[in-house]
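K.L.:
Okay, here's what each chain looks like letter by letter:
There are 2 protein chains.
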Amino acid sequence: MSTLSSSSQTSASSHEDRLRAGTQISTSSEARKFLDDHDVFIFDLDGCLYDGNITFDGVGSLLKRLYDEHKDVWCFTNNSSKTRQQYVDKVTKMYPEVDGLFKEDRVLCSAYLTGLRLEQLGITRVYVLGTQNLVRELESRGITVVGGGEADSGKAMDAESLREINVDPTIQAVISGFDVQINYYKLAYSSLCLQLIPGCKFIATNPDAQIPVAKGALMAPGNLCIVRALATASGREPDCFIAKPEPFAMQAAIRKAHPDTPSSRMVMVGDRIDTDIHFGLNSGIQSLLVCSGVTSEERAIAASSGQEDRKDPCVWDYWCVDLSTMEHLLEQQDN
Amino acid sequence: MSTLSSSSQTSASSHEDRLRAGTQISTSSEARKFLDDHDVFIFDLDGCLYDGNITFDGVGSLLKRLYDEHKDVWCFTNNSSKTRQQYVDKVTKMYPEVDGLFKEDRVLCSAYLTGLRLEQLGITRVYVLGTQNLVRELESRGITVVGGGEADSGKAMDAESLREINVDPTIQAVISGFDVQINYYKLAYSSLCLQLIPGCKFIATNPDAQIPVAKGALMAPGNLCIVRALATASGREPDCFIAKPEPFAMQAAIRKAHPDTPSSRMVMVGDRIDTDIHFGLNSGIQSLLVCSGVTSEERAIAASSGQEDRKDPCVWDYWCVDLSTMEHLLEQQDN
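Going down the list, the sequences are from chains A and B.
Heads up: the first sequence begins at 1043 in this note's numbering, then just goes up one per residue.
Heads up: the second sequence begins at 1043 in this note's numbering, then just goes up one per residue.
Within a straight-line C-alpha distance of at most 30 Å, the following computed DSBU-like cross-link-like pairs (lysine-lysine) qualify:
| hint | chain 1 | residue 1 | chain 2 | residue 2 |
| --- | --- | --- | --- | --- |
| 1 | A | Lys1145 | A | Lys1106 |
| 2 | B | Lys1135 | B | Lys1298 |
| 3 | B | Lys1197 | A | Lys1197 |
| 4 | A | Lys1132 | B | Lys1197 |
| 5 | A | Lys1298 | A | Lys1075 |
| 6 | B | Lys1132 | B | Lys1113 |
| 7 | A | Lys1135 | A | Lys1298 |
| 8 | B | Lys1132 | B | Lys1106 |
| 9 | B | Lys1132 | A | Lys1197 |
Just so you know, these hints were derived from the structure itself, not from any lab.
Keep in mind that this is a model prediction, so the values were computed, not measured.
Excised from the complex, chain A in its bound form (with noise of 0.2 Å):
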């Protein structure tokens, strides 16, 4: 167990007890340190491994030198907008030092998850409101998706239309994803299924209120308003979020190719406490915050002060400036 992480001390005491900032690593000794206190790395994407297209220096050599020492590396993302291979190709094309390393069965991303959980749960035919990518995933788990991508986009609608909706009667579940073709007509068309088909689930891949935008200067709305405005039109809250920071991605993948590591070993690096951390508290494993995507710096300063934020309490173990200042601490110790 660290000795950088007070908090990592009292991982078997309640959650309560943990809600308190970690230590800065901030020395090569400790980024050394930590990196020898954990077998199992799952690194969010957007504003942890990169930012939008923008590759971070010195990223690629500290997956790389992971990879080197046997580290098993995860990616885990939110967004349901991109499949697996999808994400593997630009991993790779932003840091060629992994190519041929990262590979599919290490990407977790909400498209993929919901499909496990669909499998889980026995439902083979459901409705859509997502990206053509997350019906391509679920597709891909011989699943049946009604809507989805491109169908019934563009499709306005007035009060004398609604009165012609027939909802089918055979869809299982309605999967609210982040979608940016949303429209009245697919709120409507999936409301009405919650209401109307017996047994019917509501299903949303992440709980993502807002997405950050050109460095987090713009946050633009996420999937968790879709989930709102249906579930106001429904009636209805949703049954299950599938992504972070649910654990489902612990139990349904992680686990199962870790079945004997400690969970002290494991950590979650990821820039957003309420997605990221909150994924590590709620799986029971260590986690590290990185300040280069929504969480600023001044903020983990605050909380490792111990200034108090109630809203949204810091739960994590570690932090650090972000994965540069990481591999360059790293690299100070290797010389």
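Position chain B relative to chain A; hints supplied.
P.N.:
This is chain B only, laid out in the frame that chain A set:
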């Protein structure tokens, strides 16, 4: 004060005391007394005076009767998708008996009321999520509208184009009205206005979660769905809702026409508990529930017999099956 309604006798006491169902109007003498006891009648439209484009038998005669007896007749709808004149045209086309009697200055719709409220607040430039008719009502009061109607409809989005949004910093409020042309661009633009423009207000025309379609058999998404999506995207709750059950219309219009009429002689007539009946309660006036729309007769009977409904306690002073029944009872009295 009416002797028909047990609850009206406690009108001076707290709201808690009034959480019970009022008396049914089922005899000619009860109907006659109800008319005699009130001077100002405020009718909800859809589900009360008509169902979509279907007229209700006797409603024209009832309205004509009220005019003949020198009652003041208002209509009040939460729908923001038509102008006041359009409602006058619709009602007089359905019920030619009131042609020339029912006039624009007695129509309260959320589009009109929103204009009034903006005028009060000194707001002259807004971004609108809503129909072209809402835009017209606002423009008729000298308000400059960005967005609204066909503007920005049909715009799909990707993450990259989000970076190119520049909000107009002179927008003073975002208005969320019912918008069947809702899309991701509009949600993103309006949520950025709320996040980035200092002092920008968030105003919702009405809090209707669902809209009944096809005699209440289908419930379609109402304005509150858009409001909840926008609140989630912006991290802000609305500064205000304008229409029923908010008492704004009472202060801004009805009370102005009736500075000296006792509240006990004014009555809100409608089919929805959450909007119509609560408007009566919030405005301190009487209320009559009709069972020709969202609320069923079974519900009213159950409430009258004392069956509790914790989620939506019963608060009406009177109820009757529908306005056709009311008119038929009055006709029996005539003969």
